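S.K.: Please model the complete structure; the sequences and the hints are all you need to start from.
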Amino acid sequence: MAVLTVKDLTVKIAGKKVLDGVNLEVPEGKTHVLLGPNGSGKTSLIMSILGFPSCRVLSGRIWFNGTDITAMPTDERARLGIGVAFQNPPPIKGVRLGDVFRHLAKGRADEIKLTRTTNIPMEFLERDLNVGFSGGEIKRSEIFQLLAQRPSFAIFDEPDSGVDVENLEIIGKAISGFLKGRSGLLITHLGHILRYVEADVAHVMFYGTVACSGEPARIFNLIMKRGYKWCEKCPKVKKLRQKR
Amino acid sequence: MPKGKKATPKAIGKPAAFGPDLDIRAFRRETAPWPSCPVSSLPGDIAQRALSAGVRTDEVDRAGTYFQIDRSAVFKAMRKTFGGKAEILSTKDALKKYRWARNYWWKLVDVNTDKYTALAKLRWDYGYFIRVLKDQKITLPLQACMFISKENFNQNVHNVIIAEPGSEAQIITGCTVHPNVQSGLHVGISEFYVKKDAKLTFTMIHNWAQNFHVRPRSAALLEDGATFVSNYVCMKSVKSLQMYPVAYCKGANSRISFNTILHGAKNSCLDVGSKVVLQGKGSRGEVITRAIATENAQIKARGLLVGEHEDSRAHLECRGLLLSDEASIHAIPELVGKVEGTELSHEAAVGKIAEEQIQYLMARGFSESEAEALIIRGFMNVDIFGLPDALKEEIKKMVDASIAGAL
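Protein chains in written order, with our numbering: chain A, 1 to 244; chain B, 1 to 407.
If you are wondering where the hints come from, they were derived from the structure by calculation, not from laboratory data.
Note that the coordinates shown come from a computational prediction; the quantities given were computed from them, not determined experimentally.
It cannot be assumed that every hint is accurate.
What the hints assert, rightly or not - Okay, the calculated bits of chain B under chain A, using three or more residues with CB under 8 Å as the criterion:
#1 23-31
#2 279-289
Claimed, not checked - Dumping the calculated BS3-like pairs for lysine-lysine here, alpha-carbon to alpha-carbon at most 30 Å:
#3 A/Lys-93 to B/Lys-392
#4 A/Lys-225 to A/Lys-243
#5 B/Lys-92 to B/Lys-137
#6 B/Lys-392 to A/Lys-106
#7 A/Lys-93 to A/Lys-106
#8 A/Lys-16 to B/Lys-352
#9 A/Lys-12 to B/Lys-352
#10 A/Lys-113 to A/Lys-93
#11 B/Lys-396 to A/Lys-106
#12 B/Lys-397 to A/Lys-93
#13 A/Lys-106 to A/Lys-16
#14 B/Lys-396 to A/Lys-93
#15 B/Lys-85 to B/Lys-250
#16 B/Lys-85 to B/Lys-199
#17 B/Lys-196 to B/Lys-80
#18 B/Lys-14 to B/Lys-137
#19 A/Lys-93 to B/Lys-300
#20 B/Lys-266 to B/Lys-392
#21 A/Lys-17 to B/Lys-352
#22 B/Lys-134 to B/Lys-96
#23 B/Lys-107 to B/Lys-92
#24 A/Lys-93 to B/Lys-352
#25 A/Lys-93 to B/Lys-266
#26 B/Lys-250 to B/Lys-300
#27 A/Lys-106 to B/Lys-397
#28 A/Lys-17 to A/Lys-233
#29 B/Lys-281 to B/Lys-250
#30 B/Lys-300 to B/Lys-338
By construction, the Cβ of each residue, glycine as well, lies at the ideal position given by its N, Cα and C atoms.
M.R.: Set out below in structure tokens:
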């Protein structure tokens with residue numbers, strides 16, 4: 001059974017069509033990778049799956065574990081089991097990482113173990129959320145929160161961008177450990193994270209929709225070798241461009 | 001520094017530089033005197049209201065108490081274990097007892113500043129005199145309560161606080177009214193003298209009524225090595241409040257911190273500022289203000305730093321959060337450098353809660369109102385202020401209750 005199903009999803013943000021008939025299905029226990037050039041709609045798709053109010057759904061539906069969540073508020077989706085590690089979370093002065101952690105963990109998560117897994121020093125919990133965090137600290141804090149939340153479906157938005165080698169290994173191992181037995185969606189630009197995380201299917205987005213899907217290593221290597229410019233020559237992508 | 005001693009007829013009609021002008025004749029002056037009594041024996045409704053302004057009539061965790069109702073100083077004493085460390089009197093008794101007390105009377109605040117200072121001179125209703133003796137360090141806070149029990153009453157108090165050289169103390173002042181009182185005018189003159197190497201933390205908590213008018217006039221003089229932390233908390237609605245306390249850092253290496261936390265609700269009109277004058281070598285100042293405005297509240301958050309010594313430094317930080325389209329917050333930070341070498345800076349930010357912050361927390365499973373409450377509570381976090389431990393939790397509770405009410 002599919003955990004997440006996105007069907008013919010068309011979305012406008014601030015009057016601009018950012019998703020145009022997206023179809024995506026992530027089965028239980030599988031991890032999918034989302035690739036695509038800047039502005040192709042990857043982050044818009046994630047925001048739509050999370051139900052951010054700025055995303056106006058024009059048509060199509062989103063199901064999560066068989067429940068239609070298309071019109072559901074973000075917090076209810078989170079409580080159903082959708083979790084996300086953001087790429088650029090907003091700084092919030094006065095709200096400490098520990099405040100959010102305690103809300104997520106509800107006393108069930110092992111604080112010490114999770115701080116170790118994500119290499120977060122305990123005193124870090126007293127810091128204001130995302131205020132003055134370095135690139136690596138942001139990624140680790142996001143994953144730390146996600147591990148505390150323990151969603152059945154986890155979205156990682158570029159967990160490997162702006163991260164040094166040491167942090168990449170920590171983050172990669174934490175993600176791969178977490179995804180065992182769970183489902184997830186992973187956005188990556190340079191694919192570094194794929195050294196640690198085993199993905200089942202990769203999708204390439206172009207012009208607000210999924211242009212092609214296939215075996216991750218193969219697709220990724222082709223893109224790395226030839227770039228998205230090469231993809232643009234693909235008849236399918238050409239057709240999408242003309243459609244716009 | 002001001003010198004005016006006598007209130008001129010002109011001053012009694014002079015509007016304040018800021019805030020809405022009031023007709024001071026519209027308030028009542030007559031009231032029956034209250035008999036002196038042990039503070040613990042005050043009626044429950046008075047005790048309850050005093051507690052809402054941080055003053056404990058059971059005196060738990062307090063070193064001494066001054067309690068004034070309307071025009072009567074009903075209680076003033078140090079607790080036995082703290083005897084000989086400080087003295088608490090009414091200013092009337094202090095001026096009678098000590099000839100030298102006049103040297104601290106109307107020395108920092110000018111009688112003729114405006115109609116409210118003139119009123120406090122002409123219609124003076126005592127106030128407290130607290131003197132922390134030389135080298136005495138008092139571990140628990142001293143407390144003072146200014147209470148109004150009559151509807152539409154005008155209370156004009158004049159307080160003098162002296163921290164003698166090398167002393168350390170915390171003072172909590174709670175100002176409040178009887179639950180039946182809705183309107184009135186409170187004028188409070190406070191003159192602080194923080195002497196050589198003394199450390200004084202002063203926390204004023206206001207809990208007035210919706211149609212009440214408040215005009216405090218405070219000034220502090222800091223000698224060499226003196227530290228003065230002045231906290232102000234106003235979480236309840238009030239018709240109008242205007243104050244602009246000033247600290248003169250005259251001594252070398254003197255330190256002043258003004259911390260202000262405001263919640264303007266309903267039709268409150270708050271005009272609150274802090275002024276720092278750096279006159280001594282190595283003097284330092286800090287002004288921090290947090291304000292939230294709900295419903296129709298109008299808040300002006302002022303700040304003025306004046307650098308008069310080449311080795312002086314001060315920073316002003318004002319942040320305002322608007323929680324209603326009808327409310328407004330006007331931040332007015334001012335810096336005046338008079339000599340080369342003084343370092344003055346400010347940062348001010350006023351706005352609504354950022355939508356992306358709410359969405360971020362909602363993606364973590366917080367409901368919209370939980371996310372807002374968390375952000376506002378974080379915004380009003382009082383941990384950054386130098387609050388006495390005995391008061392920190394109480395103030396946190398006040399802020400929490402106020403935020404819960406605002407949402």
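S.K.: Run every hint past the structure and note whether it holds.
M.R.: Verification of the hints:
no.: 1; hint: 23-31; in the structure: violated (count 0)
no.: 2; hint: 279-289; in the structure: violated (count 0)
no.: 3; hint: A/Lys-93 to B/Lys-392; in the structure: 19 Å, holds
no.: 4; hint: A/Lys-225 to A/Lys-243; in the structure: 27 Å, holds
no.: 5; hint: B/Lys-92 to B/Lys-137; in the structure: 26 Å, holds
no.: 6; hint: B/Lys-392 to A/Lys-106; in the structure: 26 Å, holds
no.: 7; hint: A/Lys-93 to A/Lys-106; in the structure: 22 Å, holds
no.: 8; hint: A/Lys-16 to B/Lys-352; in the structure: 25 Å, holds
no.: 9; hint: A/Lys-12 to B/Lys-352; in the structure: 25 Å, holds
no.: 10; hint: A/Lys-113 to A/Lys-93; in the structure: 26 Å, holds
no.: 11; hint: B/Lys-396 to A/Lys-106; in the structure: 23 Å, holds
no.: 12; hint: B/Lys-397 to A/Lys-93; in the structure: 20 Å, holds
no.: 13; hint: A/Lys-106 to A/Lys-16; in the structure: 39 Å, violated
no.: 14; hint: B/Lys-396 to A/Lys-93; in the structure: 17 Å, holds
no.: 15; hint: B/Lys-85 to B/Lys-250; in the structure: 26 Å, holds
no.: 16; hint: B/Lys-85 to B/Lys-199; in the structure: 14 Å, holds
no.: 17; hint: B/Lys-196 to B/Lys-80; in the structure: 27 Å, holds
no.: 18; hint: B/Lys-14 to B/Lys-137; in the structure: 42 Å, violated
no.: 19; hint: A/Lys-93 to B/Lys-300; in the structure: 22 Å, holds
no.: 20; hint: B/Lys-266 to B/Lys-392; in the structure: 26 Å, holds
no.: 21; hint: A/Lys-17 to B/Lys-352; in the structure: 28 Å, holds
no.: 22; hint: B/Lys-134 to B/Lys-96; in the structure: 21 Å, holds
no.: 23; hint: B/Lys-107 to B/Lys-92; in the structure: 16 Å, holds
no.: 24; hint: A/Lys-93 to B/Lys-352; in the structure: 14 Å, holds
no.: 25; hint: A/Lys-93 to B/Lys-266; in the structure: 26 Å, holds
no.: 26; hint: B/Lys-250 to B/Lys-300; in the structure: 28 Å, holds
no.: 27; hint: A/Lys-106 to B/Lys-397; in the structure: 22 Å, holds
no.: 28; hint: A/Lys-17 to A/Lys-233; in the structure: 23 Å, holds
no.: 29; hint: B/Lys-281 to B/Lys-250; in the structure: 8 Å, holds
no.: 30; hint: B/Lys-300 to B/Lys-338; in the structure: 25 Å, holds
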